[in-house]
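Student: Can you build the whole structure from these sequences, using the hints too?
As a plain string of letters, each chain reads:
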Amino acid sequence: DTEVTQTPKHLVMGMTNKKSLKCEQHMGHRAMYWYKQKAKKPPELMFVYSYEKLSINESVPSRFSPECPNSSLLNLHLHALQPEDSALYLCASSRLSGAYNEQFFGPGTRLTVL
Amino acid sequence: GDSVTQMEGPVTLSEEAFLTINCTYTATGYPSLFWYVQYPGEGLQLLLKATKADDKGSNKGFEATYRKETTSFHLEKGSVQVSDSAVYFCALTIIQGAQKLVFGQGTRLTINP
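Residue numbers (the working numbering), protein chains in the order written: chain A, 1 to 114; chain B, 1 to 113.
Since the hints were derived computationally from the structure, they do not count as laboratory data.
Just so you know, even glycine gets a beta-carbon here, dropped at the ideal spot from N, CA and C.
Among the clues, some could well be false.
Claimed, not checked - Once the Cα atoms are required to be at most 30 Å apart in a straight line, the calculated DSS-like pairs of lysine-lysine come out as: (1) B:52 <-> B:100; (2) B:77 <-> A:38; (3) A:9 <-> A:40; (4) B:68 <-> A:9; (5) A:22 <-> B:52; (6) A:19 <-> A:41; (7) B:68 <-> A:40; (8) B:100 <-> B:60; (9) A:18 <-> B:100; (10) B:60 <-> A:38; (11) B:56 <-> A:9; (12) A:18 <-> A:36; (13) B:60 <-> A:18; (14) B:52 <-> A:9; (15) A:38 <-> A:53; (16) A:41 <-> B:77; (17) B:68 <-> A:53; (18) A:19 <-> B:60; (19) A:41 <-> B:60; (20) A:22 <-> B:56; (21) A:22 <-> A:9; (22) A:41 <-> A:53; (23) A:18 <-> A:40; (24) A:22 <-> B:77; (25) B:68 <-> A:22; (26) A:38 <-> A:18; (27) A:19 <-> B:100; (28) A:22 <-> A:41; (29) A:41 <-> A:9.
Stated by the list, open to error - From chain A, some residues computed to sit far from chain B (all C-beta separations above 12 Å): (30) 17; (31) 67; (32) 75.
Said to hold, decoys possible - Across the chosen pairs, the derived CB separations fall in these ranges: (33) B:1 <-> A:65: 43 to 49 Å; (34) A:73 <-> B:55: 45 to 51 Å; (35) A:73 <-> B:53: 33 to 39 Å; (36) B:54 <-> A:112: 41 to 47 Å; (37) B:40 <-> A:57: 27 to 33 Å; (38) A:77 <-> B:13: 20 to 26 Å; (39) A:83 <-> B:108: 35 to 41 Å; (40) B:17 <-> A:65: 34 to 40 Å.
Tutor: Here it is, written out as structure tokens:
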């Protein structure tokens, strides 16, 4: 299995809602990543987990809260988002967090904040 | 800091044309280099990679060679197809506490039949 899955595929939420994005991989990877991608731009790194511990937070606002319950699963909890947070949210994983290891990306969750 | 510069797009070619998308990088140390492709409405897929100087990555007819002397990793394909229409990202990895991918701005490629 060389796939990263993400649910839901699309999400529409109001600014007062709480929702969660889910990412799963069964490749035995020990590093997992969240990215945000706006239209016609490259992905921007948000968070990195290595061995289920948060190792990078790229100064992301606290309305985004990541969680890594186990080595296969990564969640992104959303609360009180702004319309400018509308974007494609991509999850990725890699074997280890080393320079040689390519990242495998999921299909993304397209988020719209009303 | 570390960065990647890609040729500006969009690029439009006819089917069976030769493709080159230029990519140059600035990095301390010896990064690994990658090309990712993003088809409309999808996530990124790894197209090819190279981990050291003079390595050639290849996949699906695409090739790129890690050139340390010119700090380049240009993507080439001899004969493009309509199905190659996508956005292509050049990227390098750096280690800052954990692995980080540094992306170029992306090049949108359209192939006309």
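Student: So, for every hint listed, does it hold in this structure?
Tutor: Cross-check of the supplied hints:
{"no.": "1", "hint": "B:52 <-> B:100", "verdict": "holds (17 Å)"}
{"no.": "2", "hint": "B:77 <-> A:38", "verdict": "holds (28 Å)"}
{"no.": "3", "hint": "A:9 <-> A:40", "verdict": "holds (19 Å)"}
{"no.": "4", "hint": "B:68 <-> A:9", "verdict": "violated (40 Å)"}
{"no.": "5", "hint": "A:22 <-> B:52", "verdict": "violated (35 Å)"}
{"no.": "6", "hint": "A:19 <-> A:41", "verdict": "holds (25 Å)"}
{"no.": "7", "hint": "B:68 <-> A:40", "verdict": "holds (29 Å)"}
{"no.": "8", "hint": "B:100 <-> B:60", "verdict": "holds (26 Å)"}
{"no.": "9", "hint": "A:18 <-> B:100", "verdict": "holds (29 Å)"}
{"no.": "10", "hint": "B:60 <-> A:38", "verdict": "holds (28 Å)"}
{"no.": "11", "hint": "B:56 <-> A:9", "verdict": "violated (35 Å)"}
{"no.": "12", "hint": "A:18 <-> A:36", "verdict": "holds (18 Å)"}
{"no.": "13", "hint": "B:60 <-> A:18", "verdict": "violated (42 Å)"}
{"no.": "14", "hint": "B:52 <-> A:9", "verdict": "violated (37 Å)"}
{"no.": "15", "hint": "A:38 <-> A:53", "verdict": "holds (27 Å)"}
{"no.": "16", "hint": "A:41 <-> B:77", "verdict": "holds (24 Å)"}
{"no.": "17", "hint": "B:68 <-> A:53", "verdict": "violated (34 Å)"}
{"no.": "18", "hint": "A:19 <-> B:60", "verdict": "violated (39 Å)"}
{"no.": "19", "hint": "A:41 <-> B:60", "verdict": "holds (25 Å)"}
{"no.": "20", "hint": "A:22 <-> B:56", "verdict": "violated (36 Å)"}
{"no.": "21", "hint": "A:22 <-> A:9", "verdict": "holds (10 Å)"}
{"no.": "22", "hint": "A:41 <-> A:53", "verdict": "holds (28 Å)"}
{"no.": "23", "hint": "A:18 <-> A:40", "verdict": "holds (27 Å)"}
{"no.": "24", "hint": "A:22 <-> B:77", "verdict": "violated (36 Å)"}
{"no.": "25", "hint": "B:68 <-> A:22", "verdict": "violated (39 Å)"}
{"no.": "26", "hint": "A:38 <-> A:18", "verdict": "holds (21 Å)"}
{"no.": "27", "hint": "A:19 <-> B:100", "verdict": "holds (27 Å)"}
{"no.": "28", "hint": "A:22 <-> A:41", "verdict": "holds (23 Å)"}
{"no.": "29", "hint": "A:41 <-> A:9", "verdict": "holds (20 Å)"}
{"no.": "30", "hint": "17", "verdict": "holds (24 Å)"}
{"no.": "31", "hint": "67", "verdict": "holds (17 Å)"}
{"no.": "32", "hint": "75", "verdict": "holds (17 Å)"}
{"no.": "33", "hint": "B:1 <-> A:65: 43 to 49 Å", "verdict": "violated (28 Å)"}
{"no.": "34", "hint": "A:73 <-> B:55: 45 to 51 Å", "verdict": "violated (34 Å)"}
{"no.": "35", "hint": "A:73 <-> B:53: 33 to 39 Å", "verdict": "holds (38 Å)"}
{"no.": "36", "hint": "B:54 <-> A:112: 41 to 47 Å", "verdict": "holds (46 Å)"}
{"no.": "37", "hint": "B:40 <-> A:57: 27 to 33 Å", "verdict": "holds (31 Å)"}
{"no.": "38", "hint": "A:77 <-> B:13: 20 to 26 Å", "verdict": "violated (43 Å)"}
{"no.": "39", "hint": "A:83 <-> B:108: 35 to 41 Å", "verdict": "violated (25 Å)"}
{"no.": "40", "hint": "B:17 <-> A:65: 34 to 40 Å", "verdict": "violated (47 Å)"}
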